[in-house]
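S.K.: This is what each chain is made of:
There are 2 protein chains.
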Amino acid sequence: MRAHPADNVGVVVQPEGLRAGAEPVDAPRLVEDVPLAHKVSLTPLAAGDPVRRYNEVIGYAAQDLPAGSWVREELLEMPTAPPLDTLERATRPASKLEPLEGYTFEGYRHADGSVGTKNILGLTTTVQCVAPTVAHAVTRIRQELLPRFPNVDDVTALTHSYGCGVAINAPDAPIPIRSIGNLGLNPNFGGAPLVVSLGCEKMQPDRLYPAEALTNGLLPVVGGAPTVLRLQENAGFQATVAAILEFAEKRLAELDRRRRVTCPAADLVVGLQCGGSDALSGITANPAVGFAADLLVRAGATVMFSEVTEVRDAVHLLTPRCATPEIADALIREMRWYDEYLARGGADRSANTSPGNKRGGLANIVEKALGSTAKSGTSALSFVTTHGERAPRRAGLGFAATPASDFVCGTQQLAAGMNLHVFTTGRGTPYGLVLCPVVKVSTNTPLAERWPDLIDLDAGPIATGAKSIEDVGWELFQLMLDVASGRKQTWSDRWRLHNDLAPFNPGPVT
Amino acid sequence: MRAHPADNVGVVVQPEGLRAGAEPVDAPRLVEDVPLAHKVSLTPLAAGDPVRRYNEVIGYAAQDLPAGSWVREELLEMPTAPPLDTLERATRPASKLEPLEGYTFEGYRHADGSVGTKNILGLTTTVQCVAPTVAHAVTRIRQELLPRFPNVDDVTALTHSYGCGVAINAPDAPIPIRSIGNLGLNPNFGGAPLVVSLGCEKMQPDRLYPAEALTNGLLPVVGGAPTVLRLQENAGFQATVAAILEFAEKRLAELDRRRRVTCPAADLVVGLQCGGSDALSGITANPAVGFAADLLVRAGATVMFSEVTEVRDAVHLLTPRCATPEIADALIREMRWYDEYLARGGADRSANTSPGNKRGGLANIVEKALGSTAKSGTSALSFVTTHGERAPRRAGLGFAATPASDFVCGTQQLAAGMNLHVFTTGRGTPYGLVLCPVVKVSTNTPLAERWPDLIDLDAGPIATGAKSIEDVGWELFQLMLDVASGRKQTWSDRWRLHNDLAPFNPGPVT
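Sequence order for the protein chains is L and X. Counting in our numbering, the first sequence runs from 94 upward without gaps. Counting in our numbering, the second sequence runs from 94 upward without gaps.
Don't take each hint at face value.
Pairs involving identical chains hold if they fit within one copy or between any two copies, as the list cannot separate such chains.
[Stated by the list, open to error] Derived SDA-like pairs (lysine to any residue); straight-line CA-CA distance at most 20 Å:
| hint | residue 1 | residue 2 |
| --- | --- | --- |
| 1 | Lys451 | Ala155 |
| 2 | Lys451 | Arg323 |
| 3 | Lys189 | Glu568 |
| 4 | Lys560 | Pro137 |
| 5 | Lys451 | Arg300 |
| 6 | Lys560 | Glu237 |
| 7 | Lys343 | Glu194 |
| 8 | Lys560 | Ala488 |
| 9 | Lys560 | Glu542 |
No lab work stands behind these hints: they were computed from the structure.
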């Protein structure tokens, strides 16, 4: 399958791969075996010739290659990243897509207008010191209290490894602090957070929620201002657990009175991500997600894509799509910050690709990035948020800067206010989050068949032509509405496969 | 209480503090109220005068202060850190302490000579992707299998946020990789690790345990070479869990046949740490731990202290104590690496102290470091290990480089092979680790009284003279032998307060 008519490589879509001598339609006779998702040269390539996929140069041939060759990672020399100072800015923002009306889901609406897709009691923590105590309390709440409050979906502690033993005044410290504060404000929590603090830690509760945030309506307060409980003020472990349970019981009673109401699809805040990608990601699952992203934008929702290192090499395709030059500038600023962050650690964006990406046919980060950004669909970029910042609601398509690490990206998208997550995977990963549902989409049918109890939707039939990108995009859109309404359960929620939160901390530990 | 006769400040040891006008023994009349653990000027101080505690300069008076003043943080200007290029090296190593014989504990001895204080089934993970699946399996193992194997203490997954979405070839990547590999070899696991891998992650199992490590006896192999289980090779979630349970059942049967045997105290590998320190730490708990450290060294054990940023300002007192110039050079190298690491992140060692430290009377990192290093006792430093490296056994006192963050330090000491942990605290923290027992020692009696179900030993009576440093040191030594033998349970084990592992990753995420 050729991603664009101008490409001089195609990708094998047959699940078993193709053998030497095979004669695929519209392609030369293969001179060697090529596995599923790997690339075949469609024309002869001379050493130094550009290799084109998605109508972009993904590398240069390292040696002469006859047509029908397996274009493996080591036969491609990687191009440099697009320079950041000469990018087109807002030169081709998409014309406004036709509005899409009448699609709704059943959600929990807050006074500030945000909508939850779950009704969860959340316990925010300032420091890992309190985590086992809070975990103990959460287990008891789940066993002893939750059965009495059937309208509450779950109780969870927002634990993390930040909070102390870190350089709390370092230049990058605002990133994890903002992230953890905003995690506690995720719309899937039904009210102002309970903040469990040790007492002596560096990240004091008032670093998470400064006084002005408590009074100007930034916090979606249901039960009053955030409640702070400090372990060092309590008489030991059992007294602390009793205090947490006492708080929880009151809050659970409030949450239990809430009911789902019909909300327009515009109230979805969807985070898009891919993990364990392969070379089919960019022609099956990610374009289908991109089509669904366009549907969401047409319906007036907020849709975020993320993962700076997977956008970096496609940024020249995105800055022209920005709605304004200022949005393009913000996107460029995020790319530059990450370039410098990686350089400080002796790395660059090429550190992104994993062994599984490469076995899945992705030669390098350029090819991966081009496939990854297919998730963004065709609409204009109408906002950019920095790490850990809340995204605007009903704001269309935006870029929420995060690392590409699955858990860090997911955590940061939750901090941005995500209430539904779509995750595409080619190699397969049993990823899940406790704070919001994760819809997992496979890029290839062999994975969906091997993992029937983990994959929620298979985009593999796009590769064989059995379904179109539009077909799968509409299926995904409908599935999102069902999952957001609690009518369908994702596999990760079914098995409670919930990865730990991993707020992004680019600063040093002390 | 004055820490050294040459000091011009003392510390208030009365639990309620002292009021203005109080006339303590051997000290001037107080000109203002001073809380517990805070400093009082014993002589008049002129602006710029050195302020001495532990017979070291902890700062310079920021203004004129009469005798009897409260010497608060803001009245002290911090000295610069000791320069690293002019330190004395191995000029005063301690004379060998008299051997201490006849002290034993009951432990699980391995073929390689190492000894466990617990008998735990450990599941190593290469990446966070597999963590919820393994956690699900651990829950089922604990409920369904463990009751049939009464000699096995526990089952645990070594989960962490490393493994993918990281720059696996960055200069600092060997630190987390080495740490996670060595965690799986902790002597409290009864055999070669089961490694649960996703399949496509960057930290492939052979980065943790390269072929040569499997064959040259570096791994304490009981049941053969490490077993690797790759989720992507299994048919979904339920099949993977079944495979983990099948492995676990076989390994539990092996572990269940093990019995404790009498071992000399020399087989202890003790990690020392402090957290939530106050100004009493350096005159009560830490000196008592230092006395116990000397007992352990005399008994032939390995004792590690750690926490680079809490040693940095006392390094000039430690390099002379090194047994050889090479050991001093290694210590200096660790200080220099951390200086550079912090500088890359826009911080320095002054980022260490927390609000609680300051409320507890510690003016700055200089004062904190002088108190912290009291844990090291009086013996010569006979080894230095770098981050995540295994410490030698029966090797006396050594410095194991780690960050000072409680969880990162504890994790890294476990990677070094720690089988018993001693943790001192003034402000109080319910810290615990699943891999080895943690004995928590309070620096002050009010904390021990407030947290009777968390503090294992109170060193507070040293401040009032009710007990001597030697008394508490011996008590602690005996308690260590009891806990290591499984005869006494620590409070953190009693409540299962086990903090998550936090391997040190100084490199970037991607």
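S.K.: Now tell me, hint by hint, if it's right for this structure.
M.R.: Hints, one by one, checked against the model:
no.: 1; hint: Lys451 <-> Ala155; in the structure: within (17 Å within a copy, 60 Å between copies)
no.: 2; hint: Lys451 <-> Arg323; in the structure: between (48 Å within a copy, 17 Å between copies)
no.: 3; hint: Lys189 <-> Glu568; in the structure: neither (23 Å within a copy, 76 Å between copies)
no.: 4; hint: Lys560 <-> Pro137; in the structure: neither (32 Å within a copy, 86 Å between copies)
no.: 5; hint: Lys451 <-> Arg300; in the structure: between (42 Å within a copy, 17 Å between copies)
no.: 6; hint: Lys560 <-> Glu237; in the structure: neither (48 Å within a copy, 44 Å between copies)
no.: 7; hint: Lys343 <-> Glu194; in the structure: neither (39 Å within a copy, 58 Å between copies)
no.: 8; hint: Lys560 <-> Ala488; in the structure: neither (30 Å within a copy, 67 Å between copies)
no.: 9; hint: Lys560 <-> Glu542; in the structure: within (17 Å within a copy, 69 Å between copies)
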